[in-house]
Amino acid sequence: MIVPYSHVLFLAGVLFAMGVVCAVARRNLIMMLIGVEIMLNSAGLVFVAAALRWQQLEGQVFVLFIFAIAAAEVSVGLALIIYAYRRTGSLDPEKYNILKW
Amino acid sequence: MTIYAAIFYVLAGVILVATGMAITRRNLVHSIVYLIISFFGSAMLYYLFGAPLLAALEIIIYAGAIMVLFLFIIMMLRVDPSSLRRPDLKQWLPASALGLIYVAIAILVVTQDPGSRTMLEMALTKPRVFGEFLFQKYWLPIEIVSFLLLIALVGALYLGKAFARDAREREEAEK
Amino acid sequence: MNWILGFIILIAKLGVVLVGLLLLAAYLVLLERKFLGRLQIRYGPNRAGKFGLLQPFADTIKMLTKEDTVPAEADRVLFLLAPAVVASEALLIFAVVPFGATITLWGKKVPMVITDLNVGLLYVFALASLGVYGVALGGWASNSKYSLIGGIRGAAQMISYELSLGLSLVPIVMLARSFSLVDIVRAQADYPFILVQPVSFMIFLISAVAETKRIPFDLPEAENELGAGYHTEYSGMRFGLFFLGEYVNLQVLGALVTVFFLGGWRGPLLPPVVWFLIKVLAVAVLMIWVRGTLPRLRYDQLMHLGWKFLVPVALLNIVATGAFLLI
Amino acid sequence: MTWSLFIPELYFMLMIGVFFCLAMVLRPNPKRDFFIALLLSTLGVVVCLASVKLEGTLFYNVYRVDLFSQVFKVILAIGFFLVICICSELTGIGERYHPEFYLLLTTCTLAMMLLVSSVELLTIYMALELSSYCLYLLVPLRRGYGVHVESGIKYFLVGAFTSAVMLFGIASLYGVVHTTYVGEIIRVLPGVIGRPAAVIGLLLTLCGFLFKLAVFPFHIWAPDAYQGAANQVTAYIATASKVAAVAILTRMVALSSGSSTYLVHVLVTLSIASMTLGNLVAIVQKDMKRLLAYSSISHAGYVLIGIVSMTQSGYAGAIFYAVAYLMMKFTCFLVVVKVAYDGSDLKIAQLAGLHRRSPMLAMALMLGVFGLAGIPPTIGFTGKFLVFVAAMKKGYFTLVLIAMINVVISLYYYLQVVRAAYLLESDASLPPMKVSIPTKLLVGTLVTAILVLGVFPQYLLELTRAAASALM
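Protein chains in written order, with numbering that gives the first Met the number 0: chain A, 0 to 100; chain B, 0 to 174; chain C, 0 to 326; chain D, 0 to 471.
These aren't lab readings, by the way, just hints derived from the structure by calculation.
Please read these numbers as outputs of a predicted model, since none were measured by experiment.
A portion of the hints provided could be inaccurate.
[Claimed, not checked] Below, simulated EDC-like cross-link-like pairs (lysine to aspartate or glutamate); rule was C-alpha separation at most 20 Å, straight line:
{"#": "1", "chain 1": "D", "residue 1": "Lys-30", "chain 2": "D", "residue 2": "Asp-341"}
{"#": "2", "chain 1": "C", "residue 1": "Lys-144", "chain 2": "C", "residue 2": "Glu-72"}
{"#": "3", "chain 1": "B", "residue 1": "Lys-136", "chain 2": "D", "residue 2": "Glu-183"}
{"#": "4", "chain 1": "D", "residue 1": "Lys-285", "chain 2": "D", "residue 2": "Asp-341"}
{"#": "5", "chain 1": "B", "residue 1": "Lys-160", "chain 2": "C", "residue 2": "Asp-299"}
{"#": "6", "chain 1": "C", "residue 1": "Lys-144", "chain 2": "C", "residue 2": "Glu-31"}
{"#": "7", "chain 1": "B", "residue 1": "Lys-125", "chain 2": "C", "residue 2": "Asp-115"}
{"#": "8", "chain 1": "B", "residue 1": "Lys-160", "chain 2": "B", "residue 2": "Glu-171"}
{"#": "9", "chain 1": "C", "residue 1": "Lys-33", "chain 2": "C", "residue 2": "Glu-245"}
{"#": "10", "chain 1": "B", "residue 1": "Lys-125", "chain 2": "C", "residue 2": "Asp-182"}
{"#": "11", "chain 1": "D", "residue 1": "Lys-439", "chain 2": "D", "residue 2": "Glu-88"}
{"#": "12", "chain 1": "C", "residue 1": "Lys-61", "chain 2": "C", "residue 2": "Glu-245"}
{"#": "13", "chain 1": "C", "residue 1": "Lys-107", "chain 2": "C", "residue 2": "Asp-217"}
{"#": "14", "chain 1": "B", "residue 1": "Lys-160", "chain 2": "D", "residue 2": "Asp-341"}
{"#": "15", "chain 1": "D", "residue 1": "Lys-433", "chain 2": "D", "residue 2": "Asp-65"}
[To be verified] Anything over 10 Å on all C-beta distances counts as not near chain B; from chain C, calculated:
{"#": "16", "residue": "Leu-13"}
{"#": "17", "residue": "Leu-21"}
{"#": "18", "residue": "Asn-117"}
{"#": "19", "residue": "Trp-139"}
{"#": "20", "residue": "Met-157"}
{"#": "21", "residue": "Asp-189"}
{"#": "22", "residue": "Asn-223"}
{"#": "23", "residue": "Ser-234"}
Cβ atoms here follow ideal geometry from the backbone N, Cα and C, with glycine treated the same way.
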């Protein structure tokens, strides 16, 4: 007996919201990427808890794949960010709004 | 309340506080350090939820590889903390509105859902059982993920060299 | 009562291992200085006590009593935290290393390992991958150019070689069919794995030296370019912690090589713990010898060696082992 | 296990291997790369056509091969082939990187093929990610035009964000239904659809697909990615990737089989919003690719009408619409690629005098645009008709009415394009364009298909109905 499933869900939900806030509100490309990582991590928590709830392994398998996704995401994302930084000398997404409506 | 529940609440507190600190720091390196603490907490939770393999991998991949990569980039680009503006009200408002809606929904989920009140029982996944399950049933996703990593590799390599290539092309164009 | 007895035994084991590690680290420093001295045709320390045997104590007292300075513009918290990360990471790895056969004390079986995790090998990796932070954060927090460059180099080098380090151990896991270090030692009852996995052994050794940032891979602290690299700004006991970390890491390296490739504590005649120590020391001496012999690599050579040679060879080795096991 | 079911995918994997070797080993040679790609993609269409009748399941039932998936595989292969066809002058991308371009394009097509056949959430998610990553990398592959990096970053960040949202959705869905198989979810879901966690999970899961389809709140990447990417890449994103998104969205919505009114409400709202927004913003566009981007946002809304009716005829209509959309959009992009031969972005004003420079291309553009607008003898009209009829049968009168109004609005900017091509004269007298014979052949085939299938849609309709019935 650990805790009710809902408590884990709540923890993950708040974490997820924090990730969303970080990705939406922080005016910095690196922090936006970090926000997405936090979101992925919170999804992982839900999966593991759900796997425990149903006593199945599928949820845990999902988490393993999340790790792979996160790794690919960071490598591609950071490569893009460095490329952009070298061109523009800024990490502020506001500076990138050459393209408007 | 069992001892496991107590551990859970302590870890949950640590994770939430660390993540909260991480997303509000102006200095990116501090954010990274707080985030590492948060991922450590998640890894402990995985262990508590009977997934030691995932706990170890969480630390190896998230805390040990991904965050190092972030740190590395931040150090390499020499991001000056004073150049980073604090997010102003215009950005915080929609974000916090979104967050509030989300929390409302989360409370709804937690209170309205009878199934979510089930207690989680202790269980432990042995790495061997996990591996066998993974490679038998999820053979195809593994192939897909290998393609994904290949593509990420190709892309990172291309993008890493892209700036030098652009400069060269511009030089040639000027000639 | 049983529970209390188990707890006492655990504490005792922890204490013995900790004291042993620290003592050994201190004397490894002496050994290194003496041996290097001989290799370079000089004496090494010989004033403090007979053959300089009291030198480690003199060094420790010196470190402890020196002033602990923090640079004015440094990031104080991280600056103070970084050395502790390095030292504790190295010490914590020993929690899963089996250093002797199970013995029976007062009718109770006591395994000679602090804890036997079923994901022990991954635990080792997890801690090893955290060692990067000590280096990178230490270099960054000093707010000095040399330190920063040292830190960046250290981070790049360590994440590069972690890959080949991990891949080189996959065949071992395949042979032993377990992540647990105790099981891996058990699987070497007939023959040590170095006989069947020489390629893995070499890759592991090279990568592990790179992970511990020793010559010929000591670019993060290359003294003729960077002062002392990431720990240029450190003094007193904080520098001592980096120093301690390095020598505990040397033992960790020896212990891991012993467990994965040399059959762990197994050996004829002598008691298991002694065999374990002999093997660890042998690896450490080999490392010191390497340090006295090889020149430092260039940075691009370092990266090429890691990515273009070690990783592909390690992958091929995994495929070959897999094919062998299948047939 | 019957490996023959997996032949189209295996063939594409082989193709990836070929391009990988080309990228790694040989010196770059654009002509050779193009011919290899053309040859292999032609064969790919043949392979997919040959395996259209296969049926069965693979890999512990995570992979289902049925008429629905096979039809979409053929469509994807054709889309891929068409895009390869316009790569003969791949001026938007550095010559050194042509093999990488083909590699990413092929991998993306493979990922979409896997996507339309997967019936298990993890596999679906992974396939979706694979195809997305190929596109994220294709966008900044463009030769230095300045905006490509920015649009690449925008596309990537929005995509990563949505995929995280989708993952969270899958997680909460899994927490309720304790299975990841789509088939079993269908069985379990009606019993638990009343629970908020299930509805929210399903909605968040749909986010990922809506992002691919560029439906309203997830559309912000589309205009920038369309403009920033090389013309050929844009053509691919606009055609093949949209078709795959329609396929998987249809499959996922078919899950709930109308048992949740929340879901219907949300989808209807999104449909209306993206139609209206797309059409209104498209009016002020000056850049051709941005215009097409907003037009595709509005078309996503039309397709949603078909999907939201949740009947067999609705799904069939959506599939038919996707096919029609592929052909019409591709025709427009063909003209864009040919007119902007140096790989730059095309302003609408630059189309001026096209009817004199190349009557054939002008006609193709006109027909493509008429098709997009839904003017009668074209396939676009038939598609819209089918979708609207399906929605009417379900009684969504308001929705159809709004869609009709939108069609009228959209006429304005579509006609602007035609006006530029036919009525405006270019100030500088540009020389007539040389259109090669293969291009003429391609244009001829497309135009004929748009007209003939518009007038006699029976055969295609039968096929889509059969595919839709495999879904139910």
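Here's how the hints hold up against the structure:
The suggested pairing of D/Lys-30 with D/Asp-341 holds, with an alpha-carbon distance near 16 Å, which does not exceed 20 Å. Annotation: proposed proximity of C/Lys-144 to C/Glu-72 holds, straight-line Cα distance about 12 Å (limit 20 Å). Restraint check for B/Lys-136 and D/Glu-183: satisfied, since their Cα atoms lie roughly 16 Å apart, inside the 20 Å limit. Using a Cα cut-off of 20 Å, the hinted pair D/Lys-285 and D/Asp-341 holds, with the two alpha carbons roughly 19 Å apart.
Of the pairs offered as hints, the one joining B/Lys-160 and C/Asp-299 holds, with about 16 Å between alpha carbons and a cut-off of 20 Å not exceeded. For the proposed pair C/Lys-144 and C/Glu-31, the alpha carbon gap of about 30 Å is over 20 Å, so the pair is violated. Between B/Lys-125 and C/Asp-115 the alpha-carbon distance is near 14 Å, which keeps this suggested pair within the 20 Å criterion. With a C-alpha separation of about 17 Å, the suggested pair B/Lys-160 and B/Glu-171 falls inside the 20 Å cut-off, and the hint holds.
Our distance criterion of 20 Å between C-alpha atoms is met by C/Lys-33 and C/Glu-245, whose separation comes to about 17 Å. Restraint check for B/Lys-125 and C/Asp-182: satisfied, since their Cα atoms lie roughly 14 Å apart, inside the 20 Å limit. The suggested pairing of D/Lys-439 with D/Glu-88 holds, with an alpha-carbon distance near 15 Å, which does not exceed 20 Å. Taken as a hint, the C/Lys-61 and C/Glu-245 pair is honoured in the structure, with Cα atoms around 18 Å apart against an allowance of 20 Å.
Among the hinted pairs, C/Lys-107 with C/Asp-217 is inconsistent with the structure: their alpha-carbon atoms are about 46 Å apart, more than 20 Å. A distance of roughly 24 Å separates the Cα atoms of B/Lys-160 and D/Asp-341; the hinted pair therefore is violated under the 20 Å criterion. Our distance criterion of 20 Å between C-alpha atoms is broken by D/Lys-433 and D/Asp-65, whose separation comes to about 44 Å. Every beta carbon of chain B lies more than 10 Å from that of C/Leu-13, the smallest distance being close to 20 Å; the non-interface claim holds.
Listed as a non-interface residue, C/Leu-21 keeps its Cβ farther than 10 Å from every Cβ of chain B; the least gap is roughly 25 Å. For C/Asn-117, the shortest C-beta to C-beta distance to chain B comes to about 6 Å, within the 10 Å cut-off, and the non-interface label is violated. Some Cβ of chain B comes within 10 Å of the Cβ of C/Trp-139; the nearest lies about 5 Å off, and the non-interface call is violated. The beta carbon of C/Met-157 is not kept farther than 10 Å from every beta carbon of chain B, the shortest such distance being approximately 8 Å.
The Cβ of C/Asp-189 lies farther than 10 Å from every Cβ of chain B, with a closest approach of about 22 Å, so its non-interface assignment holds. Against the 10 Å criterion, C/Asn-223 stays outside the reach of chain B, whose nearest CB is about 23 Å from its own CB. Non-interface status of C/Ser-234 relative to chain B is upheld: no Cβ of that chain comes within 10 Å, the nearest being about 22 Å off.
This entry does not satisfy hints 6, 13, 14, 15, 18, 19, 20, going by the numbered hints stated previously.
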